Structure formats: C-alpha cells, structure tokens
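A.B. asks: First to last, the protein sequences are chains S and B. Going by the numbering used here, the first sequence opens with residue 30, and the numbers climb by one from there. Going by the numbering used here, the second sequence opens with residue 30, and the numbers climb by one from there.
No wet-lab data here; the hints were simulated from the structure. Just so we're clear, the structure is a prediction, and the values are computed from it rather than from any experiment. Treat the hints loosely; a few may be bogus.
Per the computed footprint, the stretches of chain S lying under chain B, defined by three or more beta-carbons under 8 Å from a beta-carbon of chain B, are [said to hold, decoys possible]:
| no. | segment |
| --- | --- |
| 1 | 55-68 |
| 2 | 159-173 |
Pairwise CB distance ranges, derived in the manner of DEER restraints [stated by the list, open to error]:
| no. | chain 1 | residue 1 | chain 2 | residue 2 | range |
| --- | --- | --- | --- | --- | --- |
| 3 | S | GLN161 | B | GLU95 | 37 to 45 Å |
| 4 | S | GLU293 | B | LEU137 | 48 to 56 Å |
| 5 | S | GLY124 | B | GLN273 | 26 to 34 Å |
| 6 | B | LYS92 | S | GLY90 | 30 to 38 Å |
| 7 | B | GLY235 | S | GLN273 | 56 to 64 Å |
| 8 | S | ALA280 | B | ASP246 | 52 to 60 Å |
The C-beta atom is built at its ideal place from N, Cα and C for all residues, glycine as well.
Number of protein chains: 2
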Amino acid sequence: MSKHAIRNGQLIAEDEALVPVTSREVQSAFYVYEALRVIARHVVHLPDHLRRLESSAAQIGLKLPEAANWQSWIDALVEADGLVDATMRICVYGGREPLAFITWQELLSYPDSYYSDGVAVTSYTGERFLPQCKTGNLLLSYLALEDAHRQGAFEALLVDRRGRITEGTRSNFYVIKDGRLYTAPDEDVLSGVTRISVLRAASQLGLEVVYEAPLLDDVRRCGGTMFLSSTSMGAMPVTRLDGQLVPCDTALTASICSLVRAWEAD
Amino acid sequence: MSKHAIRNGQLIAEDEALVPVTSREVQSAFYVYEALRVIARHVVHLPDHLRRLESSAAQIGLKLPEAANWQSWIDALVEADGLVDATMRICVYGGREPLAFITWQELLSYPDSYYSDGVAVTSYTGERFLPQCKTGNLLLSYLALEDAHRQGAFEALLVDRRGRITEGTRSNFYVIKDGRLYTAPDEDVLSGVTRISVLRAASQLGLEVVYEAPLLDDVRRCGGTMFLSSTSMGAMPVTRLDGQLVPCDTALTASICSLVRAWEAD
Numbered sequence: 030m031s032k033h034a035i036r037n038g039q040l041i042a043e044d045e046a047l048v049p050v051t052s053r054e055v056q057s058a059f060y061v062y063e064a065l066r067v068i069a070r071h072v073v074h075l076p077d078h079l080r081r082l083e084s085s086a087a088q089i090g091l092k093l094p095e096a097a098n099w100q101s102w103i104d105a106l107v108e109a110d111g112l113v114d115a116t117m118r119i120c121v122y123g124g125r126e127p128l129a130f131i132t133w134q135e136l137l138s139y140p141d142s143y144y145s146d147g148v149a150v151t152s153y154t155g156e157r158f159l160p161q162c163k164t165g166n167l168l169l170s171y172l173a174l175e176d177a178h179r180q181g182a183f184e185a186l187l188v189d190r191r192g193r194i195t196e197g198t199r200s201n202f203y204v205i206k207d208g209r210l211y212t213a214p215d216e217d218v219l220s221g222v223t224r225i226s227v228l229r230a231a232s233q234l235g236l237e238v239v240y241e242a243p244l245l246d247d248v249r250r251c252g253g254t255m256f257l258s259s260t261s262m263g264a265m266p267v268t269r270l271d272g273q274l275v276p277c278d279t280a281l282t283a284s285i286c287s288l289v290r291a292w293e294a295d
Numbered sequence: 030m031s032k033h034a035i036r037n038g039q040l041i042a043e044d045e046a047l048v049p050v051t052s053r054e055v056q057s058a059f060y061v062y063e064a065l066r067v068i069a070r071h072v073v074h075l076p077d078h079l080r081r082l083e084s085s086a087a088q089i090g091l092k093l094p095e096a097a098n099w100q101s102w103i104d105a106l107v108e109a110d111g112l113v114d115a116t117m118r119i120c121v122y123g124g125r126e127p128l129a130f131i132t133w134q135e136l137l138s139y140p141d142s143y144y145s146d147g148v149a150v151t152s153y154t155g156e157r158f159l160p161q162c163k164t165g166n167l168l169l170s171y172l173a174l175e176d177a178h179r180q181g182a183f184e185a186l187l188v189d190r191r192g193r194i195t196e197g198t199r200s201n202f203y204v205i206k207d208g209r210l211y212t213a214p215d216e217d218v219l220s221g222v223t224r225i226s227v228l229r230a231a232s233q234l235g236l237e238v239v240y241e242a243p244l245l246d247d248v249r250r251c252g253g254t255m256f257l258s259s260t261s262m263g264a265m266p267v268t269r270l271d272g273q274l275v276p277c278d279t280a281l282t283a284s285i286c287s288l289v290r291a292w293e294a295d
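Please take these sequences and the hints and turn them into a complete structure.
C.D. replies: Have a look at this one:
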C-alpha cells in the first residue's frame, strides 16, 4: 500500500511531502508541529494539541493557514490509508504562504517491559530556546537524544545552568518523593498534553504537586520515583540515570499511566 | 532559463532541491551550511568556507558525504547555469545518508548608500546555541531579524545575558574607539570568513584588536564606530542603533571594506 499525506488540505502521496531547501522558512526550520496519537481511528486529545499548535505559532509569529480544517484533513488521511492506530504528525512551515503537512507512521508504542522494569535515561546540559514552543529549533534535543542512544539509554534529560532537570528531549519529567510530585514550572517546559493528565492523576492518587524542577544532584543523592510522560509514552518509569540504578515505585507509575490512558478514551 | 542545483554531486533542476518532512534530520534541521560569494565564476575563499563547513559538521557529529568533491560540484553548477557573479549556498543534512545541496541566487549586494550612509540595526536579547557552528538551528536568528525588519532596520544584534553584543544574525560585529577595534572572542561567535579579513585589515590600518564583546549600554552611552561584516556585506557601517543616530567614521569602515574586497581576488 502506498502511503498518503495531507498538504494544505490536499491528499498527496507521502513521498511528495517535501519542502524546498531554497525557502528561508525551511532553512530556518521556522515551523511548529504536534505529534498525535490515533487510536481506533480517533485522534486522542485533538483540541488540546490544536490549542498548543496555535500557541506555539502565536509565540513565534507564525501564521497558520487560514482555511485549516484539521479535523476534516485528518479524517481524509485516516480514510485514505485505512488507519486504525497510528502516530500522526502535523507540521506547519511559516512564511507568506504557510505550508501545512499531516503525515503518519505506525503507532509509536513500547514493550511492556519498559513499563514494568523502567527505562534508562542520561543527563545533558542545555536549555531549550522558547521552551513553551514546539518548533523545529531542535538541535539541542537531537544532540541530547543521540548522546543518550550512544549510551544505550532511552531518553535524555535536559539540565539547566542551575543544575535543575527541566524536561526530556521529547517528554516531561517528574520525581515523586514523600507524597509529593515534583516537576518543572509550566513556563520552563513544553506544556505536554499528557502532562495535564499526569498532574490530574497524581492529584487523584493523593500526591501533592510541587512546581519545582528537581535538581540533578538531589535526585542522584536522594532518589525518588522518577518517570517521564509524553503522548507516545504515557507515563514511563525511570530506573537508571547516567548508568546508575535508581529505585522506582513502578506500581505507582503504572497507576498513573492507567489513569492517563483511560482518560484518552473520554 | 530554468535554474539548476546540485544534489550529492548530481545536477538537478532547482525545483527538485527538496527534502522530505518525514525525515528526522529534516524535522530537526540537523544540517550545516555555508553561503558563498561567486565573483567572475570563482568562489571567494572556498577553502575557508569548506574548513568551516567541516568544523560545523564535526562539532555536531554530522557526517559529510564521503565522496564530496565541492570544487567540481560547484564548477558543474557554474557551467550549467552560466554563472558569473552569484551567491551560492551549500547545505548538508546529516543522517545515515547525508544529503548535500548546492543552490544559488542572484549575487546578494547592497546599494552604495548603505556603505556611505550606514545602516540601521536593532538589539535583540538571545544567545545562539553552539555559536561556532553554522547549522539549521536558526529560530533565534529568524525571529531577531524579523523584529529588525519590522522596525525598518537592516540587521539585529544579539545581546547575551550579560548585556554584551556578540554578533548579528548573519554578520559579525565590531566597535572602533580610541584606536582599538572591539569584537567578541572567537569562542562566542561564528568565525566569519570575512571576519578574518576584517581583523587583518584593522591591524594593517594600525588598530589594536581587542577580543571583548562590546556592552550594549557602553555603546549607547559612549558611541564609537560600529560596523558589521559578512560574506555578502563586506564591512558595513552602522549609523542607527534601536532608532537612535550614532556617529560613525564611514571613511574608516570604507578603508576596511576596500582591503577586505581586494583580498577576495587573491
């Protein structure tokens, strides 16, 4: 089966989802994007993703296509390729004539063992420019994740100049300790769509949410249950940090993950 | 006449110089680039540009195409499109199969009045990630330059968290005062190919080169002859900063520019 994509509302062959290297916006990666989860032909939390797309675009002065009808464009792609479960990506390049693409790939999902045994992460010093924006300015994230992969880890945690862990390269980050869940303040990180559900789940489980980015040194010294969240990961426990085993209450992260996934069907 | 481009050594139509939005390297703007000046069918300072391209690539772990033969690829494009004077761009996307493009446009040049009367610049707070690398991580530069253009200015100067002017979005920056030329240290800025010539010219004209990034506040208060340099600009005087007129010895910047351009023929 040949895959399709959407370009400004038109159904095209996926291999025509191309951009010119001579365009200033392409050269500057002046684009915003969202990664979506399609489950049973339905995009999970689409209004949240579209709100964030609009917010990212507004923050960098990028005009979205005026006639965008995301729901119907998505439906057309789901229909054309007979999608049931998939990971979908919206990206919009700015400029005088904005160029919006919707593409898809097989549903990003992870082995059960990642959830029962936890994953390994590394730390990487760096601060995202405009952290609340989901844009193509991704070199730091790319390099940090490459570094993690070279060390056999699943994700890299970004550490700011004050030694605080803000977020992962494609995830939000949390530490649970003594009945409290610590995570970076909203203004310092990408406002993850799944993060909203995680914080709701934490409250429901009786945890107090504290908006303080955990210090890498504290985490190394004092531990706590660490986990990541993202659209694809749900809530994923961390059991290794920079090669060192760290204790983790995976039953607790599993409870959070169950709630997060249950609400996706709402 | 239909324009051409080079993709990994192959001559293609320019409108085929495209990259897929589904590629992780394209999404992350994981690429390095150079802007070249072709004068009388000859690329100015090509070895310097290629050295910097290799340095940018090495710093981010991007593998250039092994079989790259830039000189012959450039010659093929010059020949195919009958180029005499032009601005040329090399860009190389990384990944398992690096994708190198050479494209061109009309020679970027500026009215004589820019050199005799000077140009307007604005200041913009922000620090480039990996400042010595010429990569696609350009959102800050894009936003700063858009901001300058909205204010009717020609270029934006980037100001770091300590209030120092490091460089322009596509230029290096200098202030001359009391026989000294001040400019940011090499490690904080892109090592401009034209910057090398500017520093050589300054020495030849009896100026002492001081590697200190000028403070924005000092420049506002105490003035000095400000100018920019880049491959396209040569040395260009600045006579307006954030809307305020600033005095400038344009005869001195013209002397520097003449030397810089004269050495291009070497």
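A.B. asks: For each hint, tell me whether it holds in the structure or not.
C.D. replies: Here is how each hint holds up against the structure:
1. For the segment 55-68 of chain S, the proposed coverage by chain B is satisfied: 6 residues have a C-beta within less than 8 Å of a C-beta in that chain, meeting the threshold of three.
2. By the rule of at least three residues with a Cβ nearer than 8 Å to a Cβ of chain B, the coverage given for the segment 159-173 of chain S holds, with 10 such residues.
3. The hint said 37 to 45 Å for the Cβ distance between S:GLN161 and B:GLU95, and at roughly 40 Å that hint holds.
4. The hint said 48 to 56 Å for the Cβ distance between S:GLU293 and B:LEU137, and at roughly 51 Å that hint holds.
5. Restraint check, S:GLY124 to B:GLN273: a C-beta distance of roughly 31 Å satisfies the suggested window 26 to 34 Å.
6. For the pair B:LYS92 and S:GLY90, the supplied restraint of 30 to 38 Å holds, since their beta-carbon distance comes to about 34 Å.
7. The given range of 56 to 64 Å is respected by B:GLY235 and S:GLN273, whose C-beta atoms sit roughly 58 Å from each other.
8. As the Cβ distance of S:ALA280 to B:ASP246 is approximately 56 Å, the hint placing it in 52 to 60 Å holds.
Comparing the model with each numbered hint stated earlier shows that all of them hold.
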